[in-house]
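Novice: Fit chain to chain and form the complex, with the hints in mind.
Below are the chains, spelled out letter by letter.
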Amino acid sequence: MSRVKTAVLIVLGLIWLAPVYLLVVNASKSVDGYDAKTVWKPAGFSLFANFGDAWSKAALGDTLVATTMYSVIAPVLAVLIGSAAGYAIVVLRLKRGFLWFVFIFGGTIFPLQMILMPLFSGYANSGLYDTRTGMIIVYTAISVPFSAFVMRNFFTGIARSVFEAAVVDGGGLFRIFRSIYLPMAGSALAAIFILQATFVWNDLLLGLTLSQSDSVRPIMPALTGLQSTYGGASLPTVLAGGLLVSLPTVILFLAAQRFFSRGLALGQF
Amino acid sequence: MSNQALDRTGARKAPLFGLPAVAVVALLLYLPLVWTTYVSFTDYDGLASPMWSGLANYKAMFSDPDLIGALVNTLLWVVGMVTLPVALGLLIAVLTYGHKWGTWLRLPFLLPYAISGVAVGVIWGFVLQPDGALGQALGFFGLPGAHTGWLQAGPGNTLMMIVAVTWQAAGVNALLFVVGLQSIPAEPLEAARLDGAEGFSLFRHHLWPQLRPITTVVIGLSIVGSLKTFDVVWVMTQGGPGTSSETLALSMYKETFVLNDYGQGAAIALFLSLVTFAASILYLRYQLGDAREQG
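Protein chains in written order, with my numbering: chain A, 1 to 269; chain B, 1 to 295.
Same shape as in the complex, but just chain B (with noise of 0.2 Å):
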């Protein structure tokens, strides 16, 4: 058979195999996305039909008090996740990278990772806890803070669990810097040694720059995995006290599931979406980047 011939048998079948996956993505996953933007501009309780309010949710989200709240603490997340995790994650794997216990030593920052959000907020609740663990450990050595309420008031709340989510999250990051700096070439880096670089100045001036495209990564993943905060929050605080250290994630399924308000819950979805999409952009086209050249 020629090649062309081979190539009509298997476009004619091809989408016989492909179908399956087209279907369930477009039913289960691209159906609802368009209902939900649908009902964004709706006031609607889902039960009576969805009636058109136009912006109206919308404007809710910037002066409804507890909304801005949930805006800003949102906001405070995806500060607090682009930082601490971040920073961390490349210390410890600038640190272990070349080390001889290397492996080792990044294990206690990993382990954490293979635990869910939902145990995370359980462990971190109990160790905040008024006069618990902290508390404890701290008047142990002599310092301030013994006695803090940690989740008791905003915005102390969201700091302490970005706090907890950086436990969990700094070894993941650790081990993508560490993937970066293994695709650093090794023989610049030996001649800029030999020149008398070293320490802080040889990671300035020769690592950091090669690792831009992998930072690039893990904060693009930081800024999507912040705003969809949730689990931790809801096992930690459920949002409150009040709505003190309620995240817009957590008040898209409290407006939903709670208030019946499906139109603002929606509101609040489509535009928890776009500023997603907004920071996917940012390491996408490196990864569709990266399938279309081999494919």
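Just chain A, with the same shape it has in the complex (with noise of 0.2 Å):
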């Protein structure tokens, strides 16, 4: 029994691998190289002249720069409005927490499509429409609702008596939330931050809505653009800009399984 399971898995794993195994492959040939009728034989390896070629002509040199700065500044911002929601509404007893909390929440629980036109609208009026601080602005609120929600769970975790304690020893309850609440939550925000890095760096609707030049568009539009002139970029160098741009992704998901694995049980992504 244990066998045939094994061996389930093994051909199944392969199949699943299959995809993986032509990307790479394909984005190593050479542009002169490829040839469609034999896409499953490896040839040569031109992979990092391919990365110069998708990093030159999708102009990912300055994609790549601003979408780090998204999946970093956003998600710390949320982190932070996010904790401090939840420190309001446990520690502080905010009145009616548990509605607040609700509302709070339920910022997400509908499709992104709900918000875009009047988001695309409304940049457009104030200026932020094509602006990294404007992709920035949208990033954090995206991410806020999940980081409260995470953030007033845990914060439920921690006895009560280290507030009293820490009001007692004559700490505001600005420094009590910075110097004693952040420092104990520190897994909880890594958790958080790389859940929400991941979803920023992966974003495509948001940035194809709110965005258009080389400058402001986050990494995924851009690649879009890539592959959709088939005719001026190479196959080789589509499936490189492809590897490229996962590469970051899947060696944070290696990293920090654990963190993925609690965040799906909280029902994100």
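Calculated directly from the structure, the hints in this document are not laboratory data.
A couple of the hints might just be wrong.
[Claimed, not checked] Here are the simulated lysine-lysine pairs, DSS-like style, with alpha carbons at most 27 Å apart:
#1 B:K100 / A:K5
#2 A:K95 / B:K13
#3 B:K59 / B:K228
#4 B:K254 / B:K228
#5 A:K37 / A:K57
#6 B:K59 / B:K254
[Claimed, not checked] Going by beta-carbon spacing under 8 Å, a handful of chain A positions derived as facing chain B:
#7 V20
#8 F103
#9 P111
#10 G242
#11 S246
Note that the Cβ used here is the ideal one computed from N, Cα and C, for glycine as well.
Specialist: So, in structure tokens, the structure goes:
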């Protein structure tokens, strides 16, 4: 029985790895050496030359800087704003705290489609359209509900006596938040950060709607641009681009698997 | 300081800490939500002011052949995503759970999850090219279909894209099911084994009933996810050829930003939201119930 299980898993696993194999092998072929009739056979190794091509053709350089900024700054802001909300609701016992919690958390249960058009109009009217600031603001807003959700749950698990002792010691409420509650929440903060950074990095829809120039546009819309100009960019170049933008999230995922599974259990993604 | 005094001090300053989150969410998520809802009942091109048109945009959704097509495709996505990746995820979870190398054998399925929808689209667009990787593999094994144009006609193109997303999503579902399996107490299971239950019968009578809560979550997430399907389709076919593989999420984008029919786009968005909301209740009740117990 156990052998049958293993055999089934290995066969299925190989099927699952086949597209990854095809991606790596064909992203590594030189543009001239690529032959559409023999995609399964490896031929040469020009991966880095193709990375370079993808980099210049899709203006990935600019976009990579911008996307990295978004994926770091927005989740950090969201983590801080979300923890402050969690602190207010759980520790400071905000009046009607549960209702406010539902209000904040409810912000993400509808699809992005519901907010795209007004965001576009609002951004166009306020000068935020196609600016890095605008992208950071929207990514932060999207990430706040999940962050507040996790932090509220986390703070619920901390004994009330911690707060009482801190107040008796004469700490202000802000200092108690900053130097007692935040440091205690290290692992939860990291989990939120990693999940939201991945979300921002992988976003297509918001980037597509709220930006257009090379220096603002995030990496996923940039990649679709490369893909749709099949004529201009050859297939190995497109595939190399696909591989390049996937590397950071794959590495992050492998390094932090347990955070992902925790996020899953919380219903994100 | 007494407990009550403590609570009073805290509660007085609490709004200060809660305000940023509430403000950001209200301004960037709820305000747009309200505007979209209003616009969905109007005729609006984004320039002139919106003109009240009642339910016209909603009627168009169920009479315009292109939008009906998108509705049918979205339904296909929902059905596809609650069956294929869920069944495969369950299979992978049951096979790897308790297996000596379980964690390692699960890895190939988890890898695609770390990849973005756009990258999945790029990879599978390549695999499904006419006479591309899949065609060549079929030809090699002497199987039929080697020269099929996988993405050239509906509903076949939608089905192949469902396969692509199954490739991405099965591993996540497997992970969720493993979490579910871990929460099943070991002793009754051991007793059933001693009574001679094994294989499929053990699964059916002893594991499956206990997996119900997690199955609800997985199916709820699958429905919600499939209703939003955009990235993969956008990259692989842009909804085409024609509108043959368009989903409602894609129609919303096209109606709004390509055809400048903001009202129609808003109606589609609201419709999607209502369905999503209904599906979310399935698993949100479970989640929020959980949160409430803790606090």
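Novice: Does each hint fit the structure? Answer for all of them.
Specialist: Do the hints match the structure? See the list:
| no. | hint | in the structure |
| --- | --- | --- |
| 1 | B:K100 / A:K5 | holds (11 Å) |
| 2 | A:K95 / B:K13 | holds (11 Å) |
| 3 | B:K59 / B:K228 | holds (21 Å) |
| 4 | B:K254 / B:K228 | holds (14 Å) |
| 5 | A:K37 / A:K57 | holds (25 Å) |
| 6 | B:K59 / B:K254 | holds (18 Å) |
| 7 | V20 | holds (6 Å) |
| 8 | F103 | holds (7 Å) |
| 9 | P111 | holds (5 Å) |
| 10 | G242 | holds (4 Å) |
| 11 | S246 | holds (5 Å) |
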